[in-house]
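Here the protein sequences line up with chains Y and U, keeping their order. According to this note's numbering, the first sequence is numbered sequentially starting from 1. According to this note's numbering, the second sequence is numbered sequentially starting from 1.
The hints are simulated quantities; they were obtained by calculation from the structure and are not laboratory data. Glycine included, every Cβ here is placed at the ideal spot set by N, Cα and C. Careful, some of the hints might be misleading.
As the list claims (entries may be wrong) - Pairs of lysine to aspartate or glutamate residues, derived as DMTMM-like cross-links and limited to a Cα-Cα distance of at most 20 Å, are as follows: (1) U:K261 - Y:D67; (2) Y:K88 - U:D175; (3) Y:K48 - U:D175.
What the hints assert, rightly or not - Now the in silico label distances, taken between C-beta atoms and shown as ranges: (4) Y:S166 - U:V129: 21 to 29 Å; (5) U:Y4 - Y:K133: 53 to 61 Å; (6) U:Y4 - Y:K16: 54 to 62 Å; (7) Y:K124 - U:L310: 39 to 47 Å; (8) U:S128 - Y:S139: 22 to 30 Å; (9) Y:K112 - U:T27: 47 to 55 Å; (10) Y:K8 - U:Y4: 53 to 61 Å.
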Amino acid sequence: MVKIYEVKNLYFSYGKNQVLKDINTEILKGEFVGIVGPNGSGKTTFLKILAKILFYEKGVVLYKGKDIKKINNIDYARQVGYLPSEIKFTFELKVIDFLIFGFFPYTGRFGKEDKEAIRQISEKLNIKEFLNKKITQLSEGEKQRIYIGQILVQNPEVILLDEPTSHLDIGYQFSILDILKDLNLKGITIISIFHDLNLASNYCTKILLFKEGEIYKSGSTEEVLTYKNIEEVYNTRVLVYKNPFTEKINVFGIPNYILKSNKNLQSDN
Amino acid sequence: MKKYIFLILFFLFSIYFGILFGSKIYTIGEIFNLSEIEKTIFLKIRIPRVICAFIVGSGLSIAGCVLQSILKNPLAESYTLGISGGASLGVTIGVIIGKVYSIPLFSFFGSIFSLFIILSFSIIKKLSVTSIILAGISINFICSSLVLFLVSISRYEKIYSTLFFLFGDLSSFSDKILFYSGILIFICFIFLIISSRIYDILSIDEDKAKTLGINVNFEKNIVYFITCLISSLCVCLSGIIGFVGLIIPHIVRSLFPSIHKKVIPVSFIFGGSFLIICDTISRIIIRPVEIPVGVITGFFGGIFFLILLLKGEKIW
Chain Y
1 MVKIYEVKNL
11 YFSYGKNQVL
21 KDINTEILKG
31 EFVGIVGPNG
41 SGKTTFLKIL
51 AKILFYEKGV
61 VLYKGKDIKK
71 INNIDYARQV
81 GYLPSEIKFT
91 FELKVIDFLI
101 FGFFPYTGRF
111 GKEDKEAIRQ
121 ISEKLNIKEF
131 LNKKITQLSE
141 GEKQRIYIGQ
151 ILVQNPEVIL
161 LDEPTSHLDI
171 GYQFSILDIL
181 KDLNLKGITI
191 ISIFHDLNLA
201 SNYCTKILLF
211 KEGEIYKSGS
221 TEEVLTYKNI
231 EEVYNTRVLV
241 YKNPFTEKIN
251 VFGIPNYILK
261 SNKNLQSDN
Chain U
1 MKKYIFLILF
11 FLFSIYFGIL
21 FGSKIYTIGE
31 IFNLSEIEKT
41 IFLKIRIPRV
51 ICAFIVGSGL
61 SIAGCVLQSI
71 LKNPLAESYT
81 LGISGGASLG
91 VTIGVIIGKV
101 YSIPLFSFFG
111 SIFSLFIILS
121 FSIIKKLSVT
131 SIILAGISIN
141 FICSSLVLFL
151 VSISRYEKIY
161 STLFFLFGDL
171 SSFSDKILFY
181 SGILIFICFI
191 FLIISSRIYD
201 ILSIDEDKAK
211 TLGINVNFEK
221 NIVYFITCLI
231 SSLCVCLSGI
241 IGFVGLIIPH
251 IVRSLFPSIH
261 KKVIPVSFIF
271 GGSFLIICDT
281 ISRIIIRPVE
291 IPVGVITGFF
301 GGIFFLILLL
311 KGEKIW
């Protein structure tokens, strides 16, 4: 398998605050990688380093065997798309004008945009009716589809996402992740931060579990999402079992007051 | 489409108004039967003045427009960021030292200097967009005080020519500076249109811009350089004229499609026409006495902004 990313001994700090410590991992082509971990464990920083937004001081990050620091920004933008956790619109913008951003790595200042590609992508994502609307008028779920559409215009091999489903209801959560899974099955490598462990386990082929700036555990969902690992990292009690219908791991948090009153649960763990 | 026709009509009206109205009001028919003296007045005074007003108005508008985008702040413009203040201080120093043709250079360094102070503050102290504007306005006040101080201690005949710049005035520009400023501002305008895609992206999200292959710091520095250049030339021509760079992009963004390919050229034409009209009003309002155009723009700009605030529009 082709290695998309190889990360070796990666360190990163904001001033005196050490955010990432000795990160080592590999991401292969076609994987759907979920980055999970408590708030402040360095997930977003790690993703931003992969996206070439932040620069690390120590260690190596290779993209397809090349040091990402040495890859031209434009070349990189043609291969890797990034979705921030939140986009704030200071000024109004129409959906179509936002989608067109994706052409920038190809057109630069002067080139011409390919309207046909926009049409195809908007049909595929079912966003055709929004093209002439202002983005701020759309719901969060609709916005998320537009953002993914913009990344698809970039025609990338890798998509990096920072909690793409955090503001969405359950219907939109699944519809957005289904779109991503569909792209993943067509060969696009997806690396996404997840807050919800169950969504991560439903869609990912690999999980990186972060704790205090380090990768606490990485591997398949079944290897990583065990109650022991989760309780250790998140500092809470959970119940983990395989959903008989989906055959995916499901994680359920257990409130402390129930835990106290139920002796069976205590002995189980 | 209707809006663009209105824009062109507004532009034509401003030229008509600016050329025919003044201390003496002409009709179109009279223009073709002018005496020699009147012709000279037209060609040497009124037309250059209309051109000057257009250049300054359009320059300030496009500078305000891109500054707002890259700072993601609808209140940014060369006036509220202290750029104009720095430029006016530069001009004052230039006038006192007495080298007329180096004045634009002094003006430019003045504007770069004050922008540099503001940006270093904002980076070191991690200021919010609102605090940056407050810092900019403070710098403007400091510069104005220094200008007044320098004027007070300098010799008499120089005082008058410098003091006029403070209020924003279109009656005392140099033809040579007008010519070169016109060319330079037009070049900047073309460059900004060419780069309009970048400002679309930068006005939304800098991280997004980086991952689209844009060298964010480089592009922002170019914008700072260009806006300092434009503002310092405008200050050389007309002194500090506030609010134009703030109101015009605001109106344009709310009426026209908000991509920069449209916003920049429309602001250019609209801002230029707006300042011609303001300048003409300043010439005729208490005829034959002229008042500085900064008084008119400040008055309308202030009222306009109060209306925006009262309507509860989000401008922060």
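Hint-by-hint comparison with the structure:
1. U:K261 - Y:D67: violated (36 Å)
2. Y:K88 - U:D175: Status violated; Cα separation ~45 Å.
3. Y:K48 - U:D175: Outside the cut-off at roughly 52 Å; violated.
4. Y:S166 - U:V129: 21 to 29 Å: holds (25 Å)
5. U:Y4 - Y:K133: 53 to 61 Å: violated (22 Å)
6. U:Y4 - Y:K16: 54 to 62 Å: Given about 55 Å between the Cβ atoms, the range holds.
7. Y:K124 - U:L310: 39 to 47 Å: holds (46 Å)
8. U:S128 - Y:S139: 22 to 30 Å: holds (28 Å)
9. Y:K112 - U:T27: 47 to 55 Å: Once the Cβ atoms are compared, 48 Å apart, the range 47 to 55 Å for T27 of chain U and K112 of chain Y holds.
10. Y:K8 - U:Y4: 53 to 61 Å: holds (57 Å)
Violated hints for the displayed structure, listed by number in ascending order: 1, 2, 3 and 5.
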